[in-house]
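Line order of the protein sequences matches chains A and B.
So for the first sequence, this note's numbering puts the first residue at 389; every next one is plus one.
So for the second sequence, this note's numbering puts the first residue at 53; every next one is plus one.
None of these hints come from the bench; they were simulated from the model.
Just so you know, not all the hints are guaranteed correct.
Unchecked claim - Heads up, simulated BS3-like pairs for lysine-lysine below, C-alpha to C-alpha not over 25 Å straight-line:
#1 B:Lys187 to B:Lys160
#2 A:Lys439 to A:Lys507
#3 B:Lys79 to B:Lys154
#4 B:Lys154 to B:Lys56
#5 B:Lys187 to A:Lys439
#6 B:Lys60 to A:Lys439
Here the structure is a predicted model, which means the values were calculated and not measured.
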Amino acid sequence: MGTLASVLEQSGIATVAISIIREQIEATQPPRALHCEFPLGRPLGKPGDSKFQQQVLDAAFDLLNAESGPVLVDYPEEISDDADAPLSCTIPPADHSDKHPAEAEALGLLPIWRRTYEKYGRTTVGKAVTPEQVPEIVTLFARIADGEDWTSVGLPGDPTKLGADIKNFYEEASLSLSEGVPGARQAETWFVTQTKAGDVIQRARIALEKQEAGSYFTTYILPLTQVREPGSDTDE
Amino acid sequence: MSDKVVRKLLSRLEGYSFDEVPWVSPKPLSECRVAVVTTAGLNQEGNADWNPGDQGFTVLSGEERNFTLGHFSPNFDRTGWIVDSNIVIPLDRLDEMAAEGKIGSVAKTHISFMGAQPDHTLETIRLDTGPAAAKILLEDEVDVVLLTPV
Numbered sequence: 389m390g391t392l393a394s395v396l397e398q399s400g401i402a403t404v405a406i407s408i409i410r411e412q413i414e415a416t417q418p419p420r421a422l423h424c425e426f427p428l429g430r431p432l433g434k435p436g437d438s439k440f441q442q443q444v445l446d447a448a449f450d451l452l453n454a455e456s457g458p459v460l461v462d463y464p465e466e467i468s469d470d471a472d473a474p475l476s477c478t479i480p481p482a483d484h485s486d487k488h489p490a491e492a493e494a495l496g497l498l499p500i501w502r503r504t505y506e507k508y509g510r511t512t513v514g515k516a517v518t519p520e521q522v523p524e525i526v527t528l529f530a531r532i533a534d535g536e537d538w539t540s541v542g543l544p545g546d547p548t549k550l551g552a553d554i555k556n557f558y559e560e561a562s563l564s565l566s567e568g569v570p571g572a573r574q575a576e577t578w579f580v581t582q583t584k585a586g587d588v589i590q591r592a593r594i595a596l597e598k599q600e601a602g603s604y605f606t607t608y609i610l611p612l613t614q615v616r617e618p619g620s621d622t623d624e
Numbered sequence: 053m054s055d056k057v058v059r060k061l062l063s064r065l066e067g068y069s070f071d072e073v074p075w076v077s078p079k080p081l082s083e084c085r086v087a088v089v090t091t092a093g094l095n096q097e098g099n100a101d102w103n104p105g106d107q108g109f110t111v112l113s114g115e116e117r118n119f120t121l122g123h124f125s126p127n128f129d130r131t132g133w134i135v136d137s138n139i140v141i142p143l144d145r146l147d148e149m150a151a152e153g154k155i156g157s158v159a160k161t162h163i164s165f166m167g168a169q170p171d172h173t174l175e176t177i178r179l180d181t182g183p184a185a186a187k188i189l190l191e192d193e194v195d196v197v198l199l200t201p202v
């Protein structure tokens, strides 16, 4: 992003960048940057907190008063993610006894996901499939996890995009199963460690590695900090 | 504390810097027209997918605000985005600043690229899409751009 800032400035527009990876900003040297040690994905810091967001913007625009650059200033407050504290959600029971347990779980979450979508009007599901298709895709990954050849189960697209659709579906559903705005990555850890579908994707990732499906697929199918081996409680 | 691990890994990536830091001295902020350029991979076509390596950009209307985030990387939080789009593209905050007279006006046009590009030289952005995006912003008489990553 630092390079992009310089391209825009070169074109005649004054720029101020919010920085999230300090070393990248040091390397790319945009004209003005406010480094915000906030959770990745939340460059304004606190969702739903307009006062805090305004303070960040005031600090950023204040850099326009500098007379020369590059300017790199640290925002004085830091916010950590909460990946170590999985969101507490109870999935309502659903009767889909003829389905794979993980597919039944996802089917049970579909009306919950819809509540989130109706409330906020946004989704990040849809890289490869619709929310309605997510439950059946979970079953395809379960078959891969159980040893079937990943090229023959009928995946309707790139495994990483399908994995992202499943993860994002669960994270979005969790917003209607919990109170308030969760900390960053709390829903992610809940999905990976507390749900049947999360377990399926973790095991499918390992199966894809064994089948040498390709590093792109296995690297991005889960957040890299959620990659765990069976029986391990720690990050790789 | 996952972000610490990700930050440590990403800190090793190469970056591309200009020989000289370009510099524009803006008008007083209260007279400036402000746009957001984000690298979150946003669009207004309901497309949740943005392919890794695509150095193109989307033009965003500030009037509709029906954004979809399509960034390819799973390595950042998306729940903040779902509950409040201002966490990435703070147009409501800019509206408030314009109403208070802190900034001159909010641009009609905003831009999104996608970050986490595997080509650290960003050749296409430097030579083609970056200047093209700047031209669109200049046509909207933008003075200042706020850049936001994810």
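### Hints that the structure is at odds with (numbers, increasing)
The structure breaks hints 4, 5, 6; every other hint is satisfied.
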